[in-house]
Amino acid sequence: MDLIEPSSQALQLLFTGDPDLWRIIFLSFWISFVALVLAAPFAIAFGFILATKKFRGRRALVIFSQAMMSFPTVVIGLILYVLLSRHGPLGYFGLLFTPTAMVIGQSIICFPVLVAYTLSAVQGADPRAWETAIALGASPFSASIRTLLEVRFAVMAGIFTGFGRVISEVGCSLMVGGNVQGMTRNIPTAIALQTSMGAFAQGIALGLVLVTLALVVNFSLAILQGKGGLREA
Amino acid sequence: MKRDWEAMPHDLIRIEGLRKSFGDRSVLNIESFGISTGKCYALTGDNGAGKSTLMRVLAGLEPATVKKFSFDGAELEFAQYPIWLRRRIMYIHQHPYLFDSTVAKNIAYGLKQSGVARSEQKRLVNEAIEWAGMAHLADARAQKLSGGEKQKIALVRAMVLKPKLFLMDEPLANLDTQARQQTIALIERLCSTEHTVLIACHDGEISKLPGVIRLNLVDGEVKFPETSLRTA
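Top to bottom, those sequences are chains A and B.
Per this note's numbering: the first sequence = residues 122 to 354.
Per this note's numbering: the second sequence = residues 836 to 1067.
It should be emphasised that the hints constitute simulated quantities derived from the structure, not laboratory data.
Every residue, glycine too, gets a C-beta built ideally from N, C-alpha and C.
One or more hints might be untrue.
Stated by the list, open to error - Here are the simulated DSSO-like pairs of lysine-lysine, each with C-alpha atoms no more than 30 Å apart in a straight line: (1) A/K174 <-> B/K874; (2) B/K997 <-> B/K874; (3) B/K1058 <-> A/K174; (4) B/K1058 <-> B/K874; (5) A/K174 <-> B/K957; (6) B/K957 <-> B/K979; (7) B/K979 <-> B/K874; (8) B/K940 <-> B/K902; (9) B/K902 <-> A/K175; (10) B/K999 <-> B/K940; (11) B/K957 <-> B/K902; (12) B/K999 <-> B/K903.
Unchecked claim - Where chain A lies over chain B, by a calculated footprint (3+ residues, C-beta under 8 Å): (13) 921 to 927; (14) 934 to 945.
Unchecked claim - The calculated label-pair distances, taken between Cβ atoms and stated as ranges, are: (15) B/G852 <-> A/K174: 55 to 63 Å; (16) A/Q187 <-> B/N864: 24 to 32 Å; (17) A/R207 <-> B/P917: 21 to 29 Å.
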């Protein structure tokens, strides 16, 4: 198969501002961004509680959260599909094949990633950070925020990794989004569809965006972690 | 001896029936203990005597069984240890932790938690940092400072909040000679300005400072040596 011709067409589509292509890119970013923003506060708080509080069932929750990180996204999509379908328990809301359903799915997917990174970061934090904040008159909530700020590089690594996972996942988005043009078609589902239809140029263009994004995320993470490593020097 | 102890002027803190154990091991078993306003105390004792535990209990960082507790004349429920009390009793850790930000922001942290206005925070931070002769470090990253500098900044960070009681846990631990001298000079200044200070320490450097009352922690009880009674 000739790759040069579709690749040059792909670049042309990207740089000429093809509206269909850029709508897909914008929708992908928007859905993943909203999913992350919705999941992050709860996941970070949950990770913090798991790391700092002793309670019955804590160990089981830690194991479950870590296992969920590698849970197949298509299965999450399948469960959500059953719940949101017209005859499902949440069918009344009519969310299936909407961007909202995709946001819910992606929030569920990135939640355990954020929990695991926060848990690990807070467990590795210096216990004096929380104690010092308390001793200086902070409320338990303010002291917790301070502790999270002390491990912000590790927590941000979780946010970047979570974003990387949801922006590139195809299974759940396809199941609950339905790949509806102009509404729920994001980069991964569009690549799958265009390629199956033989429209390689658009598939390659979207693939290029995804690869560029993955590189940007990874470089940002490396820079952040490098900076975080240097702070104690 | 107990009679003399009780005869001290106005008690800032008075505790009765303080018990603290770690598992089966009883660490503190204090019948009655008080700290008088405006006095400086050096709490000495062997390793593992419970000096740090007593400091942490007084700071509300370690739970303990307490029959009666009063602060500044008001009787309080020790188990509840309110936030306002934390802001009046400042505990300075043996190895102080400075937050991952600038020195100035570290000093301002407690003020911010107390709801002090930003402009006032800035003024108080500048004033305190100049008092300690460390104005040149205001914008430095706190975690890059030396051990001695960290100890001094931790003291300034507590001082800026104008607490009624300073609890300093082994402030000279792991400091080199120069840093020790600088920290001792700061403690001396603190004690000479009628602050109430309780310092847990091993060596005689602090307990021999003028005006410092020596307390001894033996078998979980605070003793008040004869020599200190004479100097107090």
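Against the structure, the hints:
| no. | hint | result |
| --- | --- | --- |
| 1 | A/K174 <-> B/K874 | violated, 39 Å |
| 2 | B/K997 <-> B/K874 | holds, 15 Å |
| 3 | B/K1058 <-> A/K174 | violated, 37 Å |
| 4 | B/K1058 <-> B/K874 | holds, 17 Å |
| 5 | A/K174 <-> B/K957 | violated, 36 Å |
| 6 | B/K957 <-> B/K979 | holds, 22 Å |
| 7 | B/K979 <-> B/K874 | violated, 34 Å |
| 8 | B/K940 <-> B/K902 | violated, 39 Å |
| 9 | B/K902 <-> A/K175 | holds, 28 Å |
| 10 | B/K999 <-> B/K940 | holds, 22 Å |
| 11 | B/K957 <-> B/K902 | violated, 41 Å |
| 12 | B/K999 <-> B/K903 | holds, 20 Å |
| 13 | 921 to 927 | holds (count 4) |
| 14 | 934 to 945 | holds (count 4) |
| 15 | B/G852 <-> A/K174: 55 to 63 Å | violated, 30 Å |
| 16 | A/Q187 <-> B/N864: 24 to 32 Å | violated, 44 Å |
| 17 | A/R207 <-> B/P917: 21 to 29 Å | violated, 55 Å |
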